[in-house]
Amino acid sequence: SQQGEEDPQALSIQEGENATMNCSYKTSINNLQWYRQNSGRGLVHLILIRSNEREKHSGRLRVTLDTSKKSSSLLITASRAADTASYFCAFRRDSSYKLIFGSGTRLLVRP
Amino acid sequence: DAGVIQSPRHEVTEMGQEVTLRCKPISGHDYLFWYRQTMMRGLELLIYFNNNVPIDDSGMPEDRFSAKMPNASFSTLKIQPSEPRDSAVYFCASRLDGSYEQYFGPGTRLTVT
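Protein chains in written order, with the numbering used here: chain A, 1 to 111; chain B, 1001 to 1113.
No wet-lab data here; the hints were simulated from the structure. Just so you know, these numbers come straight off a predicted model, no measurement behind them. One thing to keep in mind: the hints can contain errors.
With the C-beta cut set under 10 Å, the calculated list includes, among others, these residues of chain A facing chain B [said to hold, decoys possible]:
hint	residue
1	G4
2	N22
3	K26
4	N31
5	H45
6	L48
7	A82
8	A85
9	F88
10	A90
11	Y97
12	K98
13	I100
14	G104
15	L108
Note that the Cβ used here is the ideal one computed from N, Cα and C, for glycine as well.
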């Protein structure tokens, strides 16, 4: 069963706009990762943020983590049609090597 | 590197038949994971191996499912007998010890009729 929830479930925006996706979890975590999945493909790692970090940037991606609220957000700035995909948060619980994945957000970027 | 390789990419079989999914992890990676993805349940971890040894199989749904890793470059996930509710996309992923990033294969889409 999933222990990570994402919202919105689906998001449709115009090319050039920013996209924000949110992830909430229920347990204490070691770190949190974001993955992208293009239709019919495997997941691709985007970025990792550790539990002692609050914000991290990578190109057009910005990730925040609020451990007190047990939530994270992924911001994609200046979106492109190629950003169309599903985005998943994933986290490790404490010392476990298991990754728990969120339910995912389907992003559609309209040209 | 070719990345994680899975075969077959698509499998259609009848209920009751045995199904074997195959995975070749990235060379040098110490961890191998098997996941199942469905619309209803999302992405679920079935089992993972470290240095070819199964570490946690608590996600394996029932005794019909079994996984092996006879060597560092090959793993199988077997379903016997298969049932329609096993229809899903099965992913294999691998990871290097000391790194958190998992590398996923393209998946095997299984349809059991």
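Minimum beta-carbon distance criterion (10 Å), N31 (chain A) to chain B: Since chain B brings a Cβ to about 6 Å from N31 (chain A), closer than 10 Å, the hint holds.
Restraint: G4 (chain A) near chain B, CB-CB cut 10 Å. Satisfied or not? 9 Å, holds
Interface hint for Y97 (chain A), Cβ within 10 Å of any Cβ on chain B: 7 Å, holds
Quick check on K26 (chain A) please, does its C-beta sit within 10 Å of some C-beta on chain B? 15 Å, violated
Under 10 Å is the threshold here; is the Cβ of L48 (chain A) close enough to any Cβ of chain B for the hint to stand? 6 Å, holds
Measuring from the C-beta of N22 (chain A) to each C-beta in chain B, is the shortest one below 10 Å? This interface hint is violated because 16 Å lies over the 10 Å limit.
Hint validation: H45 (chain A) versus chain B, beta carbon distance must be below 10 Å. Holds or violated? At about 4 Å, which falls below the 10 Å cut-off, the nearest Cβ of chain B leaves the hint on H45 (chain A) intact, so it holds.
Interface hint for A82 (chain A), Cβ within 10 Å of any Cβ on chain B: 18 Å, violated
Identify whether the interface hint at I100 (chain A) stands, where standing means a beta carbon of chain B within less than 10 Å of its own. Hint holds; I100 (chain A) Cβ to chain B Cβ min 8 Å, cut 10 Å.
Restraint check, 10 Å cut-off on beta carbons, for G104 (chain A) near chain B: 7 Å, holds
Hold the hint about L108 (chain A) up to the distance rule: shortest CB distance to chain B must be less than 10 Å. Hint violated; L108 (chain A) Cβ to chain B Cβ min 17 Å, cut 10 Å.
Measuring from the C-beta of F88 (chain A) to each C-beta in chain B, is the shortest one below 10 Å? Interface hint status for F88 (chain A): holds (7 Å vs cutoff 10 Å).
When the structure is compared with the earlier hints, violations turn up for hints 2, 3, 7, 8, 15 and for no others.
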